[in-house]
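The sequence shown stops at residue 135 when you use our numbering, and every number in between is there.
I should point out that these hints are in silico values taken from the structure, not numbers from a laboratory.
Here are the computed distance ranges between Cβ atoms for each label pair: (1) PRO114 with ARG85: 32 to 42 Å; (2) PRO114 with ALA83: 34 to 44 Å; (3) GLY94 with ARG133: 11 to 21 Å; (4) ALA87 with ALA48: 19 to 29 Å; (5) SER135 with LYS82: 11 to 21 Å; (6) ALA48 with ARG118: 11 to 21 Å; (7) SER92 with PRO114: 31 to 41 Å.
Since the structure is predicted, the reported quantities are computational estimates derived from the model, not experimental observations.
Each residue gets a CB set at the ideal place from its N, CA and C atoms; glycine is no exception.
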Amino acid sequence: VKLRFAEYGARVGLAFQIGDDLLNVRSSRSAMGKTAGSDKARRKATAPGSVGVERAEREAARLLAEARRIAPGLGRRSAEFASLTEFLLRRTS
Numbered sequence: 043v044k045l046r047f048a049e050y051g052a053r054v055g056l057a058f059q060i061g062d063d064l065l066n067v068r069s070s071r072s073a074m075g076k077t078a079g080s081d082k083a084r085r086k087a088t089a090p091g092s093v094g095v096e097r098a099e100r101e102a103a104r105l106l107a108e109a110r111r112i113a114p115g116l117g118r119r120s121a122e123f124a125s126l127t128e129f130l131l132r133r134t135s
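Let the sequences and hints guide you as you build the complete structure.
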């Protein structure tokens with residue numbers, strides 16, 4: 043079970059970061075609570091900056107699909123982990 047949690051966490055964590063990078067490219071200040079485009083202005087290394095927006099979107103979706111497949115093996119609270127994965131797929135801020 044420990045290994046499953048590690049695998050789930052690694053995928054969700056990376057997908058969350060990619061999603062955050064994508065929001066910084068696409069979103070508005072009011073939706074994000076911070077200046078959109080600030081990563082680029084500060085020359086931060088980001089997934090969209092490295093591989094492009096479309097590929098970053100595909101990678102985040104792939105990681106979350108893998109996390110969704112792992113979630114049922116995470117014990118009695120696995121439904122909550124599956125819900126978190128679904129939330130991240132629809133995240134807009």
